[in-house]
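S.K.: These are the residues of each chain, in order.
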Amino acid sequence: MNCCEKHPMNPWNHDVAKDEKDLVDVQVDGVWMQMPRGLNVVEVAHRAKKFIPHYCYHPKLSVVGNCRMCLFEMGTPKMGPDRKPILGADGKPEIAWMPRPQIGCATNITPGMGIRTDSALVKDCRNGVMEFLLINHPLDCPICDQAGECKLQEYSVEYGTGASRFVENKVKKPKNVDLGERIVLDDERCILCSRCIRFSSEVMKDDVLGFVNRGSHSTLTAYPGKSFDNAYSLNTADICPVGALTSKDFRFQMRVWFLKETKSLCASCGTGCNITIGSREGKVHRLTPRENESVNSQWMCDFGRLNFHDLESKNRLDRPLLKAAGQQFPATWTNAIQRAADTLKKVKPDEIAVVASGRLTNEELFVLKRLLGELGVTRVDTVMNPGQADNFLRSGDGNPNSRGAELLGLSSGGRKLGAWGGEIASGKIKALLVLGGEDLVAAGIPADSLAKLEVLIFSGILSNATSQLAQVVLPGAAFAEKTGSMVNVHGRLQRMTRAIPAPGEAREDWMILRDLRIALTGGNSLHSVEDVWKSMAGEVAQFSGLSWAKIGDLGIQLESAPKIREEVSA
Amino acid sequence: MSLPLHAGTENCVGPEKGEVTPAFEKQADELVSRYPVSKRSAVLPLLHLWQETFGYIGPRGVEWIARKLSLQEIQVLELVTFYPWFRQKPYGKFHFRVCRTLPCALGGAGKTFAALQKLMNLKEIGHGGTMVSEDGRFSLEYSECLASCGTAPVVLCNDAFHEKVDDNKAATLVAECK
Chain A
1 MNCCEKHPMN
11 PWNHDVAKDE
21 KDLVDVQVDG
31 VWMQMPRGLN
41 VVEVAHRAKK
51 FIPHYCYHPK
61 LSVVGNCRMC
71 LFEMGTPKMG
81 PDRKPILGAD
91 GKPEIAWMPR
101 PQIGCATNIT
111 PGMGIRTDSA
121 LVKDCRNGVM
131 EFLLINHPLD
141 CPICDQAGEC
151 KLQEYSVEYG
161 TGASRFVENK
171 VKKPKNVDLG
181 ERIVLDDERC
191 ILCSRCIRFS
201 SEVMKDDVLG
211 FVNRGSHSTL
221 TAYPGKSFDN
231 AYSLNTADIC
241 PVGALTSKDF
251 RFQMRVWFLK
261 ETKSLCASCG
271 TGCNITIGSR
281 EGKVHRLTPR
291 ENESVNSQWM
301 CDFGRLNFHD
311 LESKNRLDRP
321 LLKAAGQQFP
331 ATWTNAIQRA
341 ADTLKKVKPD
351 EIAVVASGRL
361 TNEELFVLKR
371 LLGELGVTRV
381 DTVMNPGQAD
391 NFLRSGDGNP
401 NSRGAELLGL
411 SSGGRKLGAW
421 GGEIASGKIK
431 ALLVLGGEDL
441 VAAGIPADSL
451 AKLEVLIFSG
461 ILSNATSQLA
471 QVVLPGAAFA
481 EKTGSMVNVH
491 GRLQRMTRAI
501 PAPGEAREDW
511 MILRDLRIAL
521 TGGNSLHSVE
531 DVWKSMAGEV
541 AQFSGLSWAK
551 IGDLGIQLES
561 APKIREEVSA
Chain B
1001 MSLPLHAGTE
1011 NCVGPEKGEV
1021 TPAFEKQADE
1031 LVSRYPVSKR
1041 SAVLPLLHLW
1051 QETFGYIGPR
1061 GVEWIARKLS
1071 LQEIQVLELV
1081 TFYPWFRQKP
1091 YGKFHFRVCR
1101 TLPCALGGAG
1111 KTFAALQKLM
1121 NLKEIGHGGT
1131 MVSEDGRFSL
1141 EYSECLASCG
1151 TAPVVLCNDA
1161 FHEKVDDNKA
1171 ATLVAECK
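For the record, the sequence lines run as chains A and B.
Each residue of the first sequence is one higher than the one before, counting from 1 in this note's numbering.
Each residue of the second sequence is one higher than the one before, counting from 1001 in this note's numbering.
Take the hints with a grain of salt, since some may be wrong.
[Stated by the list, open to error] In the SDA-like style, the derived pairs of lysine to any residue whose C-alpha atoms are separated by at most 25 Å in a straight line are:
hint: 1; chain 1: A; residue 1: K226; chain 2: B; residue 2: K1068
hint: 2; chain 1: A; residue 1: K283; chain 2: A; residue 2: P142
hint: 3; chain 1: B; residue 1: K1089; chain 2: A; residue 2: H217
hint: 4; chain 1: A; residue 1: K172; chain 2: B; residue 2: T1130
hint: 5; chain 1: A; residue 1: K172; chain 2: B; residue 2: Y1142
hint: 6; chain 1: B; residue 1: K1039; chain 2: A; residue 2: P224
hint: 7; chain 1: A; residue 1: K226; chain 2: B; residue 2: A1066
hint: 8; chain 1: A; residue 1: K18; chain 2: A; residue 2: Q34
hint: 9; chain 1: A; residue 1: K170; chain 2: B; residue 2: K1068
hint: 10; chain 1: A; residue 1: K172; chain 2: B; residue 2: A1066
hint: 11; chain 1: B; residue 1: K1039; chain 2: A; residue 2: H217
[To be verified] So the derived label-pair ranges between C-beta atoms look like this:
hint: 12; chain 1: B; residue 1: L1044; chain 2: A; residue 2: S62; range: 14 to 24 Å
hint: 13; chain 1: B; residue 1: Y1083; chain 2: A; residue 2: A89; range: 51 to 61 Å
hint: 14; chain 1: A; residue 1: A89; chain 2: B; residue 2: F1082; range: 49 to 59 Å
Simulated from the structure, these hints should not be mistaken for laboratory data.
Only a predicted model underlies this, so the values are computations on that prediction, with no experimental measurement involved.
Just so you know, even glycine gets a beta-carbon here, dropped at the ideal spot from N, CA and C.
Make a model of the complete structure from these sequences and hints.
M.R.: The following block contains the structure:
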């Protein structure tokens, strides 16, 4: 990482060095090495492939040093009478070790510092801290959602003793506290690390949480009568090292060790937060943010995080439908594609309008672009879906890939679309291909206009007013069910990866478009998403020289991205 | 003998009453002005002022102070619950603190406490909380060292200090509370 700028969304970035080239000598567990000045010992140990356990320390939050888990043994170079370090037999400075341990999170490295992360003293300290932390802990792991990703559990195994010497009564505290709309608190599990308080106060600037009472009765609580309903509240469940804060949506749903984790993108707005999809047996159970300092750091909004339940909506389209005698009936893909192609062939290219979508991936849009080019269709646009911008992560653009659609020349930002209602009514447009599940009735084209169309082909994941009017319905894949790339509002090209298969007979949209293209024009050279990407990289200037692998897990900032909007508006 | 009252304790009974007067506001502003760098530092002085004026710090006090210092209510509540001196509920007109640190405990503080509790007709509430009589006349709690170990056990009644309080002296004290 060579980033010296603070990410605007993080008041602290302890894991980012001010200057990666300004190095100091330190000794970590007997090995001398060079580390950037200003880093704290937890981060230095991390870079030295050592691990210092910690609870309260979080690289993006202020340091409070209250858990005492990151104790390490510290030394400074021995100085001779001439104020120069005394060198040992190996020519390296000799180190004078301090008798007391220090906390790694609040200690920045200094030249010649000695750090021991695994000495007998350190092990003893960790053991003692673990025993203290577990004194009042309920040990209800079998019913706790955090089990499997609980730091208390992990460090107990790693650094604790098997048994407790505590024979007195544990302190009773509130359980099953309804903190807010999406978060539940178990105060007995809380180890008072204050990460959630610091997140609310430092990152969200919205303090609702705090500790009341004192000593062993200290209790995490929201101010009486106030609820913890911040739009980013679920991040506290992520950073809570124990099972104190849990997500109402995810709790008791699935053991975390059963989840398959897929690196992907959130598709709920134009920001394109990097996420990990946790799924099992074809069902998405949760989305969690995946660190990307160029996009979302370690956070994501609650809206995006919980916006995956549509995948299992009862309105989900899971097989192709064909309209006969005014009613839609299930059909095979072969028949549905054939019918779509046949009806489209009957109208002239200039009578066809295509609603592409900012919800489609670049690959899907590219296959569409080829098809439209071959057919000679020029009437194409996307529907704008305004999002609720909040000056943090949520973007004012509700489509995840508006920039991709603009870049491929398939969008005028909804301006063309405005005229289509009239053109449909006047019979200028006879066929309409709606992609990405856009609801044109909601977008302002009246249902009776749509009903006048000779051809209405709909592809999407949910049934809506538009799909119900369509002669052909082609069920597509949702964000967790497809692989592709998207360009976020800031011009960053990122990859989305399929976590689960689409339900029933639903297919990834690029396959639908490929089949439609084969049926309409016979053209085919695209057999996989990677093939599509290769062709696209050859044709689209902004993607040239980029390979699928090069995009990587964290994406790539497109150099010419800032110009895209100007090109479109020009 | 009439006992000196802790300033404003007569307001302690019942709801958190008393108006926030311009004079009170002025006093508060003066306290805040002592902390030009961070007015958050004025939160403790304001809590003391509020308790001295209104007897205890209920939700109204927490919210008023939070607004005054542009803090969140929880940040004020944290302090109120942290320090035993601050009270969230009204105490009695006569508030007794019985020292229970070691010398007083050895000198019979437990016996004195029990005697006072009986004389005031107070119900046990457990966990060392403050007991308040039903008529709001008396309240009783244990306190830590009152710095007079040589004359244990000692009792503080409002601001008046009493030494060597045995059962008899306890009875006299309670009888004098009029």
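S.K.: The hint says 49 to 59 Å between A89 (chain A) and F1082 (chain B); measuring C-beta to C-beta, is that right?
M.R.: 54 Å Cβ-Cβ, so the 49 to 59 Å window holds.
S.K.: A range of 14 to 24 Å was offered for this pair. Does it hold for the Cβ distance of L1044 (chain B) and S62 (chain A)?
M.R.: 22 Å, holds
S.K.: Within 25 Å, alpha carbon to alpha carbon, are K172 (chain A) and T1130 (chain B)?
M.R.: The given pair, whose Cα atoms are some 20 Å apart, holds under the 25 Å limit.
S.K.: Holds or violated: K172 (chain A) with Y1142 (chain B), Cα cutoff 25 Å?
M.R.: Holds: K172 (chain A) and Y1142 (chain B) sit about 22 Å apart, inside 25 Å.
S.K.: Can you confirm whether the C-alpha distance between K226 (chain A) and A1066 (chain B) stays at or below 25 Å?
M.R.: 14 Å, holds
S.K.: Regarding the pair K226 (chain A) and K1068 (chain B), is the alpha-carbon distance no greater than 25 Å?
M.R.: 19 Å, holds
S.K.: Within 25 Å, alpha carbon to alpha carbon, are K1089 (chain B) and H217 (chain A)?
M.R.: Given that 25 Å is the threshold and the Cα spacing comes to 19 Å, the pair holds.
S.K.: Given the proposed pairing of K1039 (chain B) with P224 (chain A), does the C-alpha separation stay at or below 25 Å?
M.R.: Measuring from Cα to Cα gives roughly 24 Å; hence the hint holds.
S.K.: Please verify whether K1039 (chain B) and H217 (chain A) have alpha carbons no more than 25 Å apart.
M.R.: 29 Å, violated
S.K.: Y1083 (chain B) and A89 (chain A), beta-carbon distance inside 51 to 61 Å?
M.R.: Cβ of Y1083 (chain B) to Cβ of A89 (chain A): about 57 Å, so the range 51 to 61 Å holds.
S.K.: Measure nothing beyond the straight line between the CA atoms of K172 (chain A) and A1066 (chain B); if it is 25 Å or shorter, mark the hint as holding.
M.R.: 30 Å, violated
S.K.: What's the verdict on K170 (chain A) and K1068 (chain B), does the C-alpha distance respect the 25 Å limit or exceed it?
M.R.: 39 Å, violated
Consistency note: the structure conflicts with the earlier hints numbered 9, 10, 11.
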